[in-house]
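When you get a sec, could you build the whole thing from the sequences and use the hints?
Chains as they are written, first to last, in my numbering: chain A, 4 to 468; chain B, 4 to 468.
Think of the hints as simulated: they come from the structure by calculation, not from any bench.
Just so you know, nobody snuck in bad clues.
Since the list gives no way to pick out one identical chain from another, each pair is judged satisfied if it fits inside one copy or across any two copies.
In silico lysine to aspartate or glutamate, DMTMM-like type, Cα no more than 25 angstroms apart, as pairs:
#, residue 1, residue 2
1, K437, D23
2, K437, E26
3, K130, E293
4, K130, E153
5, K219, E182
6, K437, E153
7, K437, D236
8, K130, E108
9, K130, E91
10, K219, E184
11, K437, D279
12, K130, E55
13, K437, D291
14, K219, D178
15, K130, E75
Given the structure is predicted, the values throughout are model-derived calculations rather than measurements.
Protein chains: 2
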Amino acid sequence: MSEETDLAVPPARGTEPERDPIEVPGFVEAVAGAVATSDVGALRELVADLHESDLARLLEALPGEDRPRLVELLGPDFDFTALTELDETARLQILEALSTRTVVEGLRELESDDAVYILEDLDEADKQQILAYLPTPERAALQRSLDYPEASAGRRMQTEFIALPPFWTVGQTLDYIGETEGLPETFFEVFVVDPTYRHSGSVPLDRLIRTRRNVKLGEVVTPDRHVVQATDDQEDVARVFERYNLISAPVVDEGGRLVGVLTVDDIVDVIQEEADEDLKALGGVAGDEELSDSFWYIARSRFSWLLLNLIAANIASFVISLFEGELQKMVALAVLMPIVASQGGNAGTQTMTVAVRALATRELRASNARRIVMRELLVGLFNGVVFAVIMAAVVFARFGLADLGYVIGLAMIINLVAAALGGILIPLGLDRLKVDPAVSSGPFVTTVTDVVGFFAFLGIASLWF
Amino acid sequence: MSEETDLAVPPARGTEPERDPIEVPGFVEAVAGAVATSDVGALRELVADLHESDLARLLEALPGEDRPRLVELLGPDFDFTALTELDETARLQILEALSTRTVVEGLRELESDDAVYILEDLDEADKQQILAYLPTPERAALQRSLDYPEASAGRRMQTEFIALPPFWTVGQTLDYIGETEGLPETFFEVFVVDPTYRHSGSVPLDRLIRTRRNVKLGEVVTPDRHVVQATDDQEDVARVFERYNLISAPVVDEGGRLVGVLTVDDIVDVIQEEADEDLKALGGVAGDEELSDSFWYIARSRFSWLLLNLIAANIASFVISLFEGELQKMVALAVLMPIVASQGGNAGTQTMTVAVRALATRELRASNARRIVMRELLVGLFNGVVFAVIMAAVVFARFGLADLGYVIGLAMIINLVAAALGGILIPLGLDRLKVDPAVSSGPFVTTVTDVVGFFAFLGIASLWF
Chain A
4 MSEETDLAVP PARGTEPERD PIEVPGFVEA VAGAVATSDV GALRELVADL HESDLARLLE
64 ALPGEDRPRL VELLGPDFDF TALTELDETA RLQILEALST RTVVEGLREL ESDDAVYILE
124 DLDEADKQQI LAYLPTPERA ALQRSLDYPE ASAGRRMQTE FIALPPFWTV GQTLDYIGET
184 EGLPETFFEV FVVDPTYRHS GSVPLDRLIR TRRNVKLGEV VTPDRHVVQA TDDQEDVARV
244 FERYNLISAP VVDEGGRLVG VLTVDDIVDV IQEEADEDLK ALGGVAGDEE LSDSFWYIAR
304 SRFSWLLLNL IAANIASFVI SLFEGELQKM VALAVLMPIV ASQGGNAGTQ TMTVAVRALA
364 TRELRASNAR RIVMRELLVG LFNGVVFAVI MAAVVFARFG LADLGYVIGL AMIINLVAAA
424 LGGILIPLGL DRLKVDPAVS SGPFVTTVTD VVGFFAFLGI ASLWF
Chain B
4 MSEETDLAVP PARGTEPERD PIEVPGFVEA VAGAVATSDV GALRELVADL HESDLARLLE
64 ALPGEDRPRL VELLGPDFDF TALTELDETA RLQILEALST RTVVEGLREL ESDDAVYILE
124 DLDEADKQQI LAYLPTPERA ALQRSLDYPE ASAGRRMQTE FIALPPFWTV GQTLDYIGET
184 EGLPETFFEV FVVDPTYRHS GSVPLDRLIR TRRNVKLGEV VTPDRHVVQA TDDQEDVARV
244 FERYNLISAP VVDEGGRLVG VLTVDDIVDV IQEEADEDLK ALGGVAGDEE LSDSFWYIAR
304 SRFSWLLLNL IAANIASFVI SLFEGELQKM VALAVLMPIV ASQGGNAGTQ TMTVAVRALA
364 TRELRASNAR RIVMRELLVG LFNGVVFAVI MAAVVFARFG LADLGYVIGL AMIINLVAAA
424 LGGILIPLGL DRLKVDPAVS SGPFVTTVTD VVGFFAFLGI ASLWF
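Here's what the structure looks like:
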């Protein structure tokens with residue numbers, strides 16, 4: 004890194020606020036102009052200082068056909084790391100338009116985890132074609148990562164790391180780091196391994212600097228409390244990083260041999276993705292839906308969830324049709340029934356949201372499930388009674404019928420209790436059946452609250468009047 | 004740290020899976036037993052090896068009254084860092100039950116950011132009482148952090164860091180780190196400051212080790228691309244960390260003077276909290292609702308959102324009452340009308356979920372809003388037509404009335420287009436009015452889809468028949 008040094012002390016930043024280069028007026032237009040006229044010089048000047056993430060956001064701001072053109076025009080000046088910051092749809096669209104040669108050259112400049120991230124979503128034929136053009140050692144390393152299951156630690160890990168034997172001294176280690184070319188670009192620790200490469204612990208750089216030069220690594224190493232298996236699911240790994248505030252963790256294979264290192268910046272993306280998926284799933288949207296997806300893709304993906312909802316709505320409608328006689332006799336029932344169903348649907352969604360999130364973060368466990376179910380039940384009962392009183396009063400004021408007020412009040416209590424039970428038991432049950440509760444709970448919960456709501460209100464009315 | 008060294012190389016971990024100590028059967032019960040009998044020896048043995056995060060989860064698993072007792076029994080052996088890993092409700096409950104002396108002693112062992120995190124939620128009187136017992140330099144440092152606005156970078160930053168002048172050599176720096184007591188426990192870089200403490204850049208430890216000893220820090224320092232202002236909101240800072248994959252960033256005051264450092268492990272919590280709040284808000288739950296909250300707190304907090312929904316449901320009910328005559332004439336309308344409203348509500352929620360999330364992650368900006376609105380409109384129109392055809396067929400099969408099929412189909416198209424528009428324009432509008440769209444969009448969107456759904460279906464029916 005010392006080539007990058009600058010003899011002058013850079014100016015203090017002072018109160019200068021962080022500016023977003025992409026949002027500077029005219030910037031995106033200027034880039035698009037340079038791409039249109041193939042003005043490589045102007046283009047280089049415009050994007051030279053951009054961070055890879057800004058470069059990615061610039062690509063997203065450009066029209067689809069300009070994106071691969073920009074990459075080809077910049078040639079070796081285009082940092083392929085930027086592609087890892089794009090959403091999948093945009094990344095694949097660019098990769099498909101690029102020549103294999105450009106992709107191969109670009110991938111060779113990347114750290115292994117970034118290269119795997121770009122390669123893994125390509126279809127098998129493209130992937131093999133690109134791998135075939137890579138030198139054998141690079142190909143073998145990438146292929147090994149790609150052989151791990153999708154979304155596993157092995158796919159996310161960086162295979163560049165420093166591993167040394169325990170009999171090396173701190174002084175040797177510092178000299179080795181100082182003199183060796185081709186070490187990882189950034190690293191936070193050295194790992195200690197035995198002759199068969201089995202991982203035994205790590206020494207953080209700050210501890211290395213604080214230890215006397217003649218001390219052996221074996222004396223200063225501490226076992227890593229959190230060792231990741233290459234086959235571990237990335238979400239489980241993210242949970243461990245988050246829980247124990249880790250900056251990095253070693254990755255080992257089945258034999259305990261060190262095969263890579265995971266750093267928190269990769270994990271931040273996993274945490275974000277996971278929260279994103281849960282949030283979208285609860286809103287009835289596919290986890291992989293992205294802002295840059297096409298109309299057609301989105302329409303189809305939303306359709307399937309709405310179809311499920313349509314079936315649920317038709318079941319609820321069937322329940323209503325059982326009481327056609329009552330509805331005919333008293334039209335006020337038709338006017339009021341959606342209130343009971345809607346209030347139940349919303350209360351159920353509240354409970355379900357809390358349950359789904361607590362299951363995702365592992366806060367809701369077998370050991371506290373009973374307490375939470377009881378609490379939700381009480382909340383449902385309490386709010387049921389409060390809203391029963393309110394609606395009874397509203398109905399009396401609006402229709403002058405005290406009996407109708409009692410009926411809606413009773414139905415409200417029943418449906419809010421059903422909503423609480425459905426809202427917590429359905430996610431718990433799905434989780435036990437190994438079905439993702441975030442994705443599947445919604446339609447079940449609203450079916451319960453619609454059916455119970457209409458059935459309780461119209462049923463009690465048919466008995467009462 | 005060298006006191007912790009161990010001469011033997013620790014055993015390789017091999018394929019041993021990561022175990023969760025809290026979930027070991029009988030563990031929580033054993034701890035509760037030791038607390039009940041005030042058996043300090045047994046207690047120390049049980050919790051000695053626990054990571055602070057596991058200690059926190061152990062506290063959460065214990066009955067409320069045992070939690071402060073455990074802290075008092077362990078005395079100086081209790082690591083107060085564990086309190087930062089608790090949710091706010093549980094943390095405050097424990098702190099209120101502890102003696103001021105215990106809290107003061109505990110806080111003195113913490114890094115500044117953890118101490119601030121614990122202090123900031125206490126009420127002013129308790130906070131001042133505790134601060135009064137701290138030695139002046141510690142009190143001043145904490146008070147300075149506490150003076151920054153809530154949820155700002157100044158509150159989250161660590162005030163322990165290494166800052167050196169540019170004329171120091173790398174060798175001097177390494178020796179200083181090696182010989183000085185009381186440096187931060189872990190650090191990843193040294194910062195370079197001018198005589199007035201204005202920040203000019205940083206040197207990561209790996210670069211420090213890779214540079215020759217006689218080189219001056221001023222020659223090897225690079226300006227930090229991302230300097231955080233102490234008054235910056237933590238969510239904006241989290242966005243920058245995430246976007247640029249930062250591990251740490253310097254924090255400066257208005258004068259550009261270095262006042263602290265933010266590390267990614269604090270930011271991971273901010274990212275998680277933020278996603279959590281959005282998810283809960285969309286489900287109609289207060290962002291600060293926690294699994295350990297009391298029945299009473301939750302019932303009240305859920306009530307207010309349900310009350311809003313009740314008002315919306317009553318507006319929809321009023322719309323229905325406008326068509327009492329039609330409902331009397333044709334009871335099938337009452338049976339079918341919830342389907343139109345429900346389908347609109349779900350389609351609206353889909354669009355709203357995507358819009359709220361994209362606003363939160365800044366992916367939805369003024370520059371692409373128009374394209375997204377158009378796309379959602381098309382999706383709504385497309386799915387509206389598809390579901391119109393499906394429902395027309397269902398209605399014809401169920402009631403044998405072709406006209407009723409046309410009516411429900413037309414209403415379905417209108418409501419799904421309204422849902423798309425409401426789902427995207429309401430969050431965009433709220434965001435422009437500086438109202439959090441995650442919290443407030445839901446009731447508005449479902450009011451739109453209920454009102455439009457009932458009005459379109461019953462209105463068209465009244466014109467048609």
